Amino acid sequence: MIKVKIKMPAPPPDAMVKLKARRTLDGSILVTDHEDIDIVIVPAVNKILAMPKDEMTDDVYETQDRFYKFLSKNGVILLDSVQAGNIYGVMEAMYPPDADGKDHVQIILYTLDKFIKSEEPFFAFHRAYKETELQRLLEPTEEESTELGEVPQEEKKGSLPRKGEIYHSFRGY
Amino acid sequence: MRKKQKHNKKRNTAFLYEALTKELTKSFISKDDSKTLKIRNIIQENFSSGSELRKDLQVYKAFLKVKNDENRNDFFHYADNMYNKIDLKKLFNEQSRLIKEINHELGSEIYENFIPEYKKLATIYQYLTEEDVARKVELKNRIVEHTDTKGSSEQVQHIDNLVYKNFVNNFNREYSEDLLSEQRDLIANFIVSENTKTPEFVSFMNEEVGRLKKEIKRCLSVDEIKDDVHMMENVIKIEKFLEEFSKRSLTESDILSILKIQQLVRETKGD
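Quick note, the sequences are listed as chains A and B, same order. Under the working numbering, the letters of the first sequence match residues 1000 to 1172, in that order. Under the working numbering, the letters of the second sequence match residues 101 to 371, in that order.
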């Protein structure tokens, strides 16, 4: 009697996402797709960190706020765990440990992709703004241009009167 | 006092050319045909003969050949003459067009390519655009210094994986017994990060500072420390120091302090 073993192909994944992500030395996953913040998933302590890409500004804080609200609405993090991190500009939140054979990191990555896609209008606005600014600097209009070389300074500078000049309003007295 | 001329790498024709050729090599090796074609077209269109960019590039190439010998003044004389023949307004417009094309077609990451002669190119750019005579002479001397035989041997080298691996092995062999495991982790993370602001390093430090805060809090309840007023004061100082990191950015000098705190925490544990 011949025994035939049939190996069934692995079922296709429920969903696939494409993110700019890399693993750090301590096993964390760093996602850099967002334009304002870098997101780090730290599986060792079940934490999700959000840190500014550049300087900490009000815009970055708003992005962090939107990010954690989005995650809590999707049930990924424990809402009461959102707090400032130990390093300036870092915000952190806890996510529940893996249970029922579900890999929570996979769920978080899927949710991150959804968040980054939902932020696309913000990115588009920033890109358009940068583009306009670049255009203004590289190809200025005639009104905003000066001749190349030494530009002679104006005879009178500033808005305040020079020493000895009398304000118009006092001339009558 | 006149302000020093600042180096703008996007207006440095030789830098743009080097960055493009570097990117071309990368795309060619990774077999990214469409990118290779794009870069080749950009170089061909912008650096064609007769263009001001080409003339400017020739000037940079001439300066790169300057040697510290009796002919160096002739080199400067002819290179200066070449530069004076360039139509600066036209050059500015051509550079603007090139920058725009790079930003649109290839992305701004191209400016981050490692250029070994970057310092030299920056000095030449400053020399060409400087108007102050004293500063120009100073820059002229610096160009000669850069191209000096001794200077060229000290060229910045890009570290490859083998060198890095050897460095890590040597480091581990030398310090594995002298340093604590947490100190080694901290130093390893610091070395592989370009600075203290990289997300990898910040993420690592966020956890480490959190751990140290907890440990220092525990120290406050240790009898030996509680009984000694002086020690108590110092531990409170450390606690405040660690709290500060949530209000200001981490600097390189803080790393040394954190290494010492790690040592202290280990001692209080009695390990």
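Be a bit skeptical, because a hint or two may be false.
[Said to hold, decoys possible] Here are some of the chain A residues that sit facing chain B, going by a computed Cβ distance under 7 Å:
#  : residue
1  : Thr1023
2  : Leu1024
3  : Ser1027
4  : Leu1029
5  : Asp1037
6  : Val1039
7  : Val1081
8  : Ala1083
9  : Gly1084
10 : Ile1086
11 : Tyr1087
12 : Leu1137
13 : Thr1145
14 : Leu1147
15 : Val1150
Hints listed in this document are in silico derivations from the structure and should not be mistaken for laboratory results. Keep in mind the model is a prediction, meaning the values are calculated, not measured. From the three backbone atoms N, C-alpha and C, an ideal C-beta is built for every residue, glycine too.
Evaluated hints:
1. Thr1023: Threonine 1023 (chain A) check passes; min Cβ-Cβ to chain B is 4 Å, inside 7 Å.
2. Leu1024: Holds: closest Cβ of chain B sits about 6 Å from leucine 1024 (chain A), inside 7 Å.
3. Ser1027: holds (6 Å)
4. Leu1029: Check passed: Cβ of leucine 1029 (chain A) comes within 5 Å of chain B, closer than 7 Å.
5. Asp1037: For aspartate 1037 (chain A), the interface hint holds, since the closest Cβ of chain B sits about 4 Å away, which is under 7 Å.
6. Val1039: holds (4 Å)
7. Val1081: violated (14 Å)
8. Ala1083: holds (6 Å)
9. Gly1084: For glycine 1084 (chain A), the interface hint holds, since the closest Cβ of chain B sits about 5 Å away, which is under 7 Å.
10. Ile1086: holds (5 Å)
11. Tyr1087: holds (5 Å)
12. Leu1137: holds (4 Å)
13. Thr1145: violated (12 Å)
14. Leu1147: Cβ of leucine 1147 (chain A) sits 5 Å from chain B, so the hint holds.
15. Val1150: At 13 Å from the nearest chain B Cβ, valine 1150 (chain A) fails the 7 Å test, so the hint is violated.
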